[in-house]
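Chains as they are written, first to last, in this note's numbering: chain Z, 1 to 340; chain V, 1001 to 1340; chain C, 2001 to 2337; chain Y, 3001 to 3337.
Check before you lean on any hint, since a few could be wrong.
[Said to hold, decoys possible] Here are some, though not all, of the chain C residues that point toward chain Z, as calculated from beta-carbon distances under 8 Å: (1) A2130; (2) N2193; (3) Y2268.
[Stated by the list, open to error] Stretch-level coverage of chain V by chain C, calculated; a stretch enters the list once three of its residues show a Cβ under 8 Å from a Cβ in chain C: (4) 1058-1072; (5) 1087-1094.
Simulated from the structure, these hints should not be mistaken for lab results.
We put the beta carbon where it would ideally sit given N, CA and C, even for glycine.
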Amino acid sequence: MSMLDTAANETRQNVRVITLGQAIKEALAEEMRRDPRVFIMGEDVAEAGTPFKVLSGLVEEFGTSRVIDSPISEAGITGLGVGGAMTGMRPIIDIMFGDFIALAMDQIVNQAAKVHYMSGGKLKVPLVIRTTLGATRRTAAQHSQSLHAWVSHVPGLKVVLPSTPYDAKGLLKTAIRDENPVVFFEDKLMYQLKGPVPDSDYTIPFGVADIKRAGTDITLVATSSMVQVALAAAEKLAELGISAEVVDPRTTFPLDKSTLIESAKKTSRAIVIDEGYERYGVTAEIASVIADGAFYYLDAPVKRMGAMDVPVPFSPVLEDLTVPPADTVMEVAKALCGRV
Amino acid sequence: MSMLDTAANETRQNVRVITLGQAIKEALAEEMRRDPRVFIMGEDVAEAGTPFKVLSGLVEEFGTSRVIDSPISEAGITGLGVGGAMTGMRPIIDIMFGDFIALAMDQIVNQAAKVHYMSGGKLKVPLVIRTTLGATRRTAAQHSQSLHAWVSHVPGLKVVLPSTPYDAKGLLKTAIRDENPVVFFEDKLMYQLKGPVPDSDYTIPFGVADIKRAGTDITLVATSSMVQVALAAAEKLAELGISAEVVDPRTTFPLDKSTLIESAKKTSRAIVIDEGYERYGVTAEIASVIADGAFYYLDAPVKRMGAMDVPVPFSPVLEDLTVPPADTVMEVAKALCGRV
Amino acid sequence: MLQPEASQLSGQKMSKRDAEQARWLHMYEQMLKIRLFEERVNQLYLTAKMPGLAHLYVGEEAIAVGVCEALRRDDYITSTHRGHGHCLAKGASVDLMFAELLGKDAGYCHGKGGSMHIADQDTGNLGANAIVGGSAGIATGAAMSSKQRGTDQVTVCFFGDGALGQGVLYEVMNMASLWKLPVIYVCENNLYNEYTHYTETTAGELGARASAFGILTEEVDGQNVREVHAIATRLIERARKGEGPGFMLCNTYRYHGHHVGDIQRGYYRSKEEEELWKTERDPLKLLTGWLTEQGLADSSIFQEIEQRVQTEIEAGAQFALDAPYPEPSEVATNVYA
Amino acid sequence: MLQPEASQLSGQKMSKRDAEQARWLHMYEQMLKIRLFEERVNQLYLTAKMPGLAHLYVGEEAIAVGVCEALRRDDYITSTHRGHGHCLAKGASVDLMFAELLGKDAGYCHGKGGSMHIADQDTGNLGANAIVGGSAGIATGAAMSSKQRGTDQVTVCFFGDGALGQGVLYEVMNMASLWKLPVIYVCENNLYNEYTHYTETTAGELGARASAFGILTEEVDGQNVREVHAIATRLIERARKGEGPGFMLCNTYRYHGHHVGDIQRGYYRSKEEEELWKTERDPLKLLTGWLTEQGLADSSIFQEIEQRVQTEIEAGAQFALDAPYPEPSEVATNVYA
Ligand SMILES: Cc1ncc(C[n+]2csc(CCOP(=O)(O)OP(=O)(O)O)c2C)c(N)n1
Ligand SMILES: Cc1ncc(C[n+]2csc(CCOP(=O)(O)OP(=O)(O)O)c2C)c(N)n1
Ligand SMILES: [Mg+2]
Ligand SMILES: [Mg+2]
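Just chain Z, same shape as in the assembly (with noise of 0.2 Å):
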């Protein structure tokens, strides 16, 4: 719990334990509740609360006019979301499976990234998408993409990758609270992932990473659904007396660069791990971010472990191959380590 964190104190008090769902379901309602411009839309948000069950009980509590349930149009109601952000609202458009941001990539990227620098700072754009990312869930190629690294290309836009409940609370209201577009990844497979989250308001300020375990001997940089796998293989590690230190970005951008360059200096070694296909994605920017940052430091390459660099199988043997394993990780690093 970074000391950055506003009301930090408070949230000393009342702090339940409750799942990564409840944390944003919790979140969204505070912020309903401050500001009348918030209001959810997407596909079956409301009475089915999402598939995956997060927004139950929100449109119970806000009603069909702020709980919206819309067509299936990505795009369109992408583009609803950036007009209604740039005359006042504050929309959060949800977008059920992350593979569909192929489908407003126009509207998130040419329209609402842009608008805010096309018209020399006059307009803005308040909008925050909902997304999720994350395989093994059986679902196949179309169902279980982390295109997280297409936005995070993007000048304009924010990203977020929440990790615990915790952050996950205080990200989200940081999301809907900023000025500009902030795309919003969840895995979906950590909705029932429990964890200590205070019941009071409080934010977590982008760009600033989050050391999830303290280390000395090498660094992993893990995001969203990557960090309780880093954490596994941290556990493992300890057993033969490696001290890894798990740092966690929590945005994409910004990117806390300092943060993870200072830990790589101390431990001079790092691996850099994350759901997104391994190729041109997040972990390559991390990864040459630290190898450049930390370069007079490190005693072995900074090391990639992205998914596995093909289509999502359905077969469950085949597709539990692609996303790496804590035991992997653990091998890896005791290899950086120069333990065989």
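Fit chains V, C and Y with the ligands to the known structure of chain Z by using the hints.
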């Protein structure tokens, strides 16, 4: 002219100096004569020959049944291309400005790239998407992007970035004969670039980088529009007694990692230059590949030079600041070589 | 396409009545095969033998069968996340489909596609698609390709009412009409986009969205296989002659949840509504009723068919359950051709 | 919105005839301002004083003016790559527009947007858009926002015939109709998508594409500002009352090339066609003709107006030519709010 290129011998004869635009047209015409399954579809591709006039004359030879003017429907025509490719045709879809691939990402990424894998290898998609990249044409934020990093990230796609008329003809023929979806990016400003091109039939294999200039002190990896910039910088560096090697990967996937790494091992210094946004862009992948593969040989961190991370501004005085010029490349190279 | 036995019959000089009988009994068998296949899929899910979820076609059988029986084997179809019925109706075999659903190497896609991505070249099935409306471009492109290659193949694009929300559908219908492409758009309006009634997501006249582009559009009772087949035959033969695309708006209903896991449905639709469709509008009952009425068949024939199908389904499921998973090395193959 | 002097007039008890005269003369002045502005832009291009290209609105003035005169200042519009006319009609000032076109810091967007991205909050202009159909979502979202915020603002979405090829337009028209959003879609059919005649790219009935969604649709003579204004007023006031969206299909013509560099047009349209529209269907001539006929104005009035506008244009162009470029540091500002 790599020895791997087919018909490298004949190509020694009948070499004319033509523009990159003419080389593209020649490749298209030769392939359309060779294979009746090849056709072109896009906006204003027929009588207009595209706004860049690159296709002028093709409709006169092949008729409107093979050079097809389409509605302004980027997603739709790409989808038709996928269906045509799956059923025995070899479509070439023309997406006028690279910025517009944002409208077709679902068809490119969720359909074209995945059909072969999802069908267990039964169906294939021999589709070519020709599009453009590059700024400094005073066309502002929605007509100036270089978005090749997006498709380079996606398994199932191949991505080509020609930098000379010779490469353009040979690589485009390879793309048309490939059994997979290929995204082919042409720099709008390079259409007038002149160079030697054999009038005979030849292809250039994917995944083979080309050393555009040999050197010993520093490696400049450059793509597409940035190859000329790197060559200009190398010229200036030579005057200072610094011998720069300019390496052009030519395809971001497949990527010729060994040639890039070998060059960096030899020179022990490298800069990666690409016109896409720098953040989470192509320079990140290539820089991290080199930093990893040449780790024990590098005397300095690998530097990255991409487009400035801002939407492309209209005003010439601002736009010209967003793309790396030869002088800046030279300065960075000088510094890396310890000269000040 | 007609099955072997049926085509033999029609080959011989058989009475019109016998031909009628053979044709409708065959369609009954096809619809029943889909029905029993899906019920077996549901069992596999409930007994935790199937990975992931499946979207069952039960209740909508008359559309897939009525349409596909009007197609030739070399004609194409594209399908949806609710695609098992389309695959079977176009001629896919039960065992290889079960194998795919279980992620086995023997499956149509070696287990790489699963329920939402079954494709089968041999029967002209260009694939189910998990992107709503995602196959509209592929289907229209396949139709364009047939025209370019000079064949007279027709392509049928199946999709649900929810796909009317996807812009790409309008982009490709425009081109299909402009260029008179041999494609039939078959909209299966089962009243719901997942858990939302289509009237909450779909403005105006559904059929007008196709006729606006100059596409011949017909509204059809999707529970009556004879009506579906008659209209499909007319639109398909018209398209085959080069007279342009067609659009069928088929009114239908899914008996089960949106997917096998959708058990509590009370918040979006009533038990009464479900009962009404199952009792009054069931496509199998409607056909058996008519056949009996016409004296073209009786319960003994239906029982005989049911046993044959039941056996095929059970054998297919068993085959799939016993089949091996793909080798781990398969994960990296077929990324590129 | 009415200009100061005109609103004063209407403020006083003035005769209906005087009000008519004031209104139409004001619209004439607005149309002429667009015409002369664009001709000056062309000169700036030909004399290499303007970076890049521009898409001129000459010939289509009656649409922007007829529609925008039916809007309030706080109503919204979204525009296209051919947007100068829309901006001016909604009240933008000539000098700041020229400055933007020349990439100067004094421009509406500090030179960052240029010809294709002029936006002006103060007059409710949410921006020109260089993605064909790209502003349909923004316009519909702005209309939704007005409804959510409880204002009675109306949004007008201008686009060309080519935008009918973009799927997102159908996605948002569906939602506009479902939720009765106060948005008017104004399709400027100038017969060409760039260099291709719309009949080669657009199947069926253009207007039917909107009415299919239950949107009230009117076909309009885009050269007749009085007809445009009458129909726009009716649809806009209806939308303002919460009775739902409208669609205007305006038939018009662009006199110049697709952009200033499109000089050789013989391969896609004939000189005769161009001449016919310029001589028979010119929106300025049609209005002056009618005003004269009605005895509401004579050549001396038109000359007076022309001089006033000419002066304004020249002063605006000069202002822009003399204005400084943005500071280099500006390149990195306004990326984030
Ligand atoms: C582009 C896209 N958006 C959302 C989804 C999630 N989704 C899967 S099925 C479905 C509902 C589809 O409804 P309909 O088209 O009527 O088909 P049905 O399930 O009723 O057969 C949705 C929203 C998806 N698969 N693709
Ligand atoms: C999505 C997209 N595709 C293609 C283009 C290139 N382009 C610019 S204007 C234009 C023609 C637009 O025609 P229309 O909508 O009729 O407007 P007009 O130019 O006739 O006013 C095209 C194809 C674009 N800007 N955006
Ligand atoms: Mg449905
Ligand atoms: Mg036009």
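Less than 8 Å between beta-carbons is the criterion; does Y2268 (chain C) satisfy it with respect to chain Z? holds, 6 Å
Once the shortest beta carbon distance from A2130 (chain C) to chain Z is found, is it less than 8 Å? holds, 4 Å
Hint status (Cβ of N2193 (chain C) to nearest Cβ of chain Z, threshold 8 Å): holds, 6 Å
Please verify the coverage claim for the region 1058-1072 of chain V: does it have three or more residues whose C-beta sits within 8 Å of some C-beta in chain C? holds (count 3)
Mind taking a look at whether chain C covers the region 1087-1094 of chain V? Criterion is 3 or more residues with CB to CB distance under 8 Å. holds (count 4)
The structure fails none of the hints (numbered hints given earlier).
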